[in-house]
Amino acid sequence: MAFREYKVGARMFGLAFGSSMFITLYMPAVDIASVSATTSAMERQLAFGRVGGFSYADPFLRGHGKPVTVDIVQDPKTGAAIEPTRAYVYTPEIPFPNGVRHPRILGELPSELSVSKGRMTDADEVQGAVFVVRETTREGISVPYIENVTATRGWTPEATLARADDKNRAFIGKGKIMFVREGCWWCHTLLPEQTQDWQYFGAPPMLGDFNGESPTAFGSDRKGPDLTHVGSRNSSREWMMLHFFNPRLVQPHSIMPRYDYMWGDVDADGRPIDYDAWRAAYDEYEAGNTIYPPEVPVPAVDSEARALIDFVINLK
Amino acid sequence: MFKYLFAKNEDIPAGSAAVFFGFSSIVWFVVGTAMGSFNAAKLAFPDFVTGSEILSFGHMRQVHVLAVILGWISMAFAMAMMYITPALGNTKLWSEKLGVWNCFLWNVGLSLGLFLLWLGVTSGREYSDLPWPIDIVVIIGLLVPLGINVWMTIKTRRVQGIYTTNWFFAAATFMVIIVFTVGNAPEFFQLTGLTEAYLTWWFAHNVLGLWITPVAAAIAYYVVPKVTGNPLYSHRIGHLHFWSVVVFYSTPAAHHLMSAPLPEWLKSFASVEGVLILVPAIAFVSNLLLTMTGKWRMFVENIEIKFTITGVMMAIPLNMQGGFQQTRAINWYVHGTGWMVAHAHLALLGFSTFLEAAAVYYGLQTLLRRKLYSLGLANFHFWMLLIGFTTYWVSMTIAGLIQGAGKIYAVPYIDVVIAEHPYMIARWVGGTMVFLGNCVWLYNMWMTARAGTVIPAGRLPHELAYER
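Going down the list, the protein sequences come from chains Z and B. So for the first sequence, this note's numbering puts the first residue at 9; every next one is plus one. So for the second sequence, this note's numbering puts the first residue at 253; every next one is plus one.
I should point out that these hints are in silico values taken from the structure, not numbers from a laboratory. Hints may contain errors.
Unchecked claim - Simulated crosslink set (DSSO-like; lysine-lysine; CA at most 27 Å straight-line):
id	chain 1	residue 1	chain 2	residue 2
1	Z	15	B	407
2	B	349	B	407
3	Z	15	B	344
4	Z	125	Z	85
5	B	407	B	344
6	B	478	B	344
What the hints assert, rightly or not - Chain Z stretches covered by chain B per the calculated footprint, using a threshold of three residues with CB under 8 Å from any CB of chain B:
id	region
7	64–74
8	92–98
9	137–151
10	179–192
11	271–283
To be verified - Quick list of the computed label-pair ranges, beta carbon to beta carbon:
id	chain 1	residue 1	chain 2	residue 2	range
12	Z	41	B	430	20 to 30 Å
13	Z	72	B	404	44 to 54 Å
14	Z	273	B	530	55 to 65 Å
15	Z	41	B	530	32 to 42 Å
16	B	671	Z	245	52 to 62 Å
17	Z	41	B	548	35 to 45 Å
Think of the CB as a built atom: it goes at the ideal place given N, C-alpha and C, for glycine as much as any other residue.
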């Protein structure tokens, strides 16, 4: 039997599907790749570190292999007073973010400045490095770039960490991992909707705000408020602490789950946390038998809760 | 099943792979909807099962989604392909052994992937949540073997032409492999920023548009003519459907990110193409409903047609929503609200699930040569799915409109949460009905295999009377 071979159909299919892929993949990719990173994009990726999902450095998303963000007012090398500076400390073996490993994705001018002026490519993962985001003016326009202050000023990771006490350290990179792993973004978007939404949740992000960040975790299904600028609306660490431990403590109608398990075994003073006793006391309070709810333990420095609070507070 | 993994291809009874896929899909449907019901209970009652990382909403939501998409829907597709493709080619499945291995790898790979996902091992990308090593397992162990079996069965057919259903099967298995590979490129190659965000939604859109929608439609193209005995109303409209899926449905990915700072030309282009999705939708619905001419009593009397035509008719509201809710005029109001959750369930639990259920009902009876055990239980299953889904869809649509109104009037968010509470309870009730209906279905299908009336050679299942 002579079979029909569908030669025309097969070629038409290739043409149609190929054209579709060209328009929806190649053309947008070229367009997006031409965008220069903004200051926000550089701050975000330096704070978050390499990849915020599954990776070799952190296969079970425990927050390993992430940088520490510090706010300092003294030069770590000389001890002289400097303007308040936010530095991103990569101790040895912490993977660098994508913008540092592949300067091209920062865009033409920022990558050129980061390499020539900021000596970004001199940084070495094995020895660690400290980065800051700077701005300079080119042809009347402000251009951000990344400076490797370990190379330019001799700020070593240890010396920089030593200049910041606990209050001025933020585990934002680890917190982003918690945000992704715990699925916060299933209910809280990181992208205000168009038009009226901006009045309530603040300015929408710009074209170059995400270069180098992964995953972007915009979210699509909002069951709680947008968090793009939540740190500007509410900067109380104590409120965040109560809210994560049991949202009904500060907002009786909240449908957010309790994240008390992120506190781990001990609180900030090293005392063991007795969850059963806490829940029993809370049930008493909820039933109206006691006037005050039980005290919420302060999370330990290395706890997951502390990192998540650092991340959320810094969404400005 | 295990004894066939190392048997000779000739020794494996024809249809084994399809039967294994069919029962696996029902089990995954029960698992997936159980998780959906559990998650919905947490949204209605936030202190229901609390204080455990593993049982928290954020760890379980994506497991529900992928158990349903890759377990129920895609395994039901594989089942349909493994018995419809050879039937339409007047031949046997190209390799029954490959099919059995495919089913084995599918269950193992998916269980592993979902287990890791449940622990929190995620890529952090919606719909492509599985970490990239599991993505490779999905491509190599699940999708490519299925594609090879479908393409080779069509190539070794013993009829001259290829029927509409098999165009869709051959093209969709090819396209889903491309979509899965390209859509997960951000994980393979650490692509970042807007490229990552865009490819996430390029994947999510195309896995719907080039896999779930066309394959579900292809099932209807087979079941309706086969069971009613009417020829397909028009092959030309079938052509229009096929080509407009390839051209229009593969392009509007960016309309999922209308508020993201993507290039404006891309969003405008995606929005226009998104409206053109109505072309394949109208072609499909009109073609199938006109095929029913003169046989509409079967919509009431025949369980397979009841499922299929219900699914086809759900494509009408589905595509009217889908075509217009992504335009800028409407998108800003409903995006990110419960409206979208309702729409996604209309696509997966409404339109496509009813078509796949028909394929599994009809296919398992044909392959096992057993008449369905109980019509009463099947009708119970149908109404539990339909009423449960409708409850879910209506309540989430209302919740979405409340959220949209809260958005434009800048209502404090907590007031929106309070207003939505009754609808969250209704959604949980609806989802639980679907889950309970599926438990009954699993029992009914199991009893069909054990105790259904034997269908004599040369007879089709729907030609026999029910005994219960």
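For the region 179–192 of chain Z, count the residues whose Cβ lies under 8 Å from any Cβ of chain B; is that count three or more?
holds (count 5)
Is 32 to 42 Å right for how far apart the beta carbons of residue 41/Z and residue 530/B are?
holds (33 Å)
At the C-beta level, are residue 72/Z and residue 404/B separated by a distance inside 44 to 54 Å?
holds (46 Å)
Taking 27 Å as the top limit, are the C-alpha atoms of residue 349/B and residue 407/B close enough?
This hinted pair holds, its Cα atoms lying about 18 Å apart.
Distance restraint between residue 478/B and residue 344/B, which requires alpha-carbon spacing of 27 Å or less
Holds: residue 478/B and residue 344/B sit about 18 Å apart, inside 27 Å.
Take the region 271–283 of chain Z, compare each residue's beta carbon with every beta carbon of chain B, and decide whether three or more fall closer than 8 Å.
n = 1 at 8 Å, threshold three: violated.
Can you take a look at whether the region 137–151 of chain Z is actually covered by chain B? Rule is 3+ residues, C-beta closer than 8 Å.
It is violated, with 0 qualifying residues against the three required.
Honestly, do residue 671/B and residue 245/Z meet the 52 to 62 Å range at C-beta?
violated (30 Å)
Measuring from beta carbon to beta carbon, are residue 41/Z and residue 548/B in 35 to 45 Å?
Given range 35 to 45 Å: violated, Cβ gap about 55 Å.
Quick check: do three or more residues in the region 92–98 of chain Z have a beta carbon closer than 8 Å to a beta carbon of chain B?
violated (count 0)
Would the hint linking residue 407/B and residue 344/B be met if the CA-CA limit is 27 Å?
holds (12 Å)
Are at least 3 residues of the region 64–74 of chain Z within less than 8 Å of chain B when you compare beta carbons?
Result for this restraint: holds, n = 3.
Hints 8, 9, 11, 16 and 17 from the list above are not met by this structure, while the remaining hints are.
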